[in-house]
Amino acid sequence: MKFKFWGVRGSIATPGENTVKYGGNTTCIEIRTDNNDLIILDAGTGIHLLGQELLAQLPITAHIFITHTHWDHIQGLPFFSPIFIAGNHLKIYGGLDPVTNEGIERALGVQLQYSYFPIREAELNATIEYNTIKPGETISIGSAKITPILLSHPVLNFGYRIDCDGQSLFFTGDYEPIFNIYQKDDPEYDEYQAFLDEKQNEISAAMKDVDALVIDSSYTAEEYISKKGWGHGSYDSAINHANLANAKKLYLTHHEPTRTDTQLEQIHQELLINNPNLNFEVVLAKEGIDINI
Amino acid sequence: MSNINNEELIAFVETMPAFPKSVQKVMQLTADVNASAKDIVRVIESDPIMTIKILKVINSAFYGLPQKITSIQRAVVHIGLNTIKNLALSIAAIGMLNPNNKAGFNTQDFLLHSLTTAALSRILAERLDVAKTESSDFFVAGLLHDFGKIVFAEFYPTTFKLALEKSSEQQLPLHESELEFIGITHAQAGRLMAEKWELGSDLIDAIDHHHNSNKNSLLKDCVYAANQISKKMQFGFAGDPVVEEFTETSFPRFGLSLDNLIAELGDLSVVKSESLSFINS
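If you read the sequences in order, they're chains A and B.
Heads up, the first sequence is in our numbering, so the first residue is 1 and it goes up one at a time.
Heads up, the second sequence is in our numbering, so the first residue is 294 and it goes up one at a time.
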């Protein structure tokens, strides 16, 4: 299995000289099985460039797994060129929204409305299939097995584990590690903590021994203090998860939109200095590079 | 024979609004970006209608969770606070439960009975050294045990009124009068709904058998005893004039009669005042 980041930026696309090295597109990851089956994780602005590349390989079948339906993870879908071309097959997977009770068809439907986009869903020429999937239920695509797990974010969010050709990758989507909402002297504190521990064990088991752990690590520890509850993780929480899961390689992604390339590298250096004895490699997710696991 | 149509009942409940106080508070808290998570959880878990509706969503097969979610805290851990907050908001948007239902059923007294039964059920569980991770299950089971009554008052007010009147006049257990007039007890109706919504089997059984001292389960026994204590102490009122007295042999779980159990628990006025403080705050 190999993969490539097409978008590594959180919240909003950030083109410009300060982001040219690591990239300014919002989330999109391409995965290829050894048989060249195409799996795409999220459809942020990064999927546009991927679509351009795929034009040379038509017709395609793409399995697009959406972690959650915040704009930065779906806004590239209407600009994914293969969607307009007959003969292509797009399968879009994602969860049921508990509040609206809508399936994953909402990811595209919400965007292709008269006021927001000139083309209606009925006018798309590719064959599009929606699959509303459940946590814990594994989907097979060629040699790949993809299993979603519920991870905490302000909207329903799936992390995906992909096991394929003897290798594995886990992507969190947007994820803020859960914390106790009670104070230590509240009577509910201990019980809530026990629920958190249970959930953390479930998460670590889902990430267990992965070759590539791709985690939302938006903030430094200092920044996180004022961003608690916003739904994103920190560099420290990413390290902690990789440790708990015994991951082989940690990819830090969902770079904070104001973060420059220089700042990213500085943070990365400090992280390595502060965590000298890690059993895994820590790298900054960077757009456009083929990664063989 | 039941006079009600199960499918119709379920459809009714979908449209049922929550208690006015919790609706107001949810509106208030969800408009305040600094509202604390625990305040939001507290509002939801103090309202049987909001609680059951949220448990219904999270226990639906679509989330395929490995175990049933039987408390709001656990729901928050799994699906996140913001989603729970928005679910509460969508329930609040339905409107507010009308306190003047045609059955003449006092919803404030009902709420006080439900909240005190919930708190007592948790106290009893602690007394039996139930694991900390389960204590909120006992609260929720107490909170929801009479859910069927509020549904009757809303959707079958005429027949429920007859049942309430007969029980009051003849000092009969309400579930007996319900059986006569509605053809199904509030406990059975609660079971039907809880089953349809795939809540946990322990919770379903506790709701169904909360008037049955012989059906043996830890959860049911705590709800059973908490219900009798709440009635005996006259914490609120949910239409049942009969306290089911028990002795240490007729209901051996606590090794005490109802009166001795109440005596052992000490000053229970705080249970009432805490519940009231929520209702009136």
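Certain hints may be false.
Claimed, not checked - With a cut-off of at most 25 angstroms between alpha-carbon atoms, the simulated PhoX-like pairs for lysine-lysine come out as follows:
#: 1; chain 1: A; residue 1: Lys134; chain 2: B; residue 2: Lys361
#: 2; chain 1: A; residue 1: Lys184; chain 2: B; residue 2: Lys425
#: 3; chain 1: A; residue 1: Lys134; chain 2: B; residue 2: Lys349
#: 4; chain 1: A; residue 1: Lys134; chain 2: B; residue 2: Lys425
#: 5; chain 1: A; residue 1: Lys199; chain 2: B; residue 2: Lys459
#: 6; chain 1: A; residue 1: Lys145; chain 2: A; residue 2: Lys199
#: 7; chain 1: B; residue 1: Lys525; chain 2: A; residue 2: Lys208
#: 8; chain 1: A; residue 1: Lys199; chain 2: B; residue 2: Lys361
#: 9; chain 1: A; residue 1: Lys199; chain 2: B; residue 2: Lys425
Just so you know, the hints here were simulated from the structure itself, not pulled from any lab data.
Hints versus structure:
1. The suggested pairing of lysine 134 of chain A with lysine 361 of chain B holds, with an alpha-carbon distance near 15 angstroms, which does not exceed 25 angstroms.
2. The suggested pairing of lysine 184 of chain A with lysine 425 of chain B holds, with an alpha-carbon distance near 15 angstroms, which does not exceed 25 angstroms.
3. With a C-alpha separation of about 16 angstroms, the suggested pair lysine 134 of chain A and lysine 349 of chain B falls inside the 25 angstroms cut-off, and the hint holds.
4. Our distance criterion of 25 angstroms between C-alpha atoms is broken by lysine 134 of chain A and lysine 425 of chain B, whose separation comes to about 29 angstroms.
5. A C-alpha spacing of about 49 angstroms is found between lysine 199 of chain A and lysine 459 of chain B, which places the hinted pair above 25 angstroms, so the restraint is violated.
6. For the given pair, lysine 145 of chain A sits about 22 angstroms from lysine 199 of chain A by alpha-carbon distance, which is consistent with the 25 angstroms threshold.
7. About 53 angstroms separates the Cα atoms of lysine 525 of chain B and lysine 208 of chain A, which puts this hinted pair outside 25 angstroms; it is violated.
8. The suggested pairing of lysine 199 of chain A with lysine 361 of chain B holds, with an alpha-carbon distance near 14 angstroms, which does not exceed 25 angstroms.
9. Distance hint between lysine 199 of chain A and lysine 425 of chain B is fulfilled; the C-alpha atoms sit about 16 angstroms from each other, no more than 25 angstroms.
Going down the numbered hints, you'll see the structure goes against 4, 5, 7, while the others check out.
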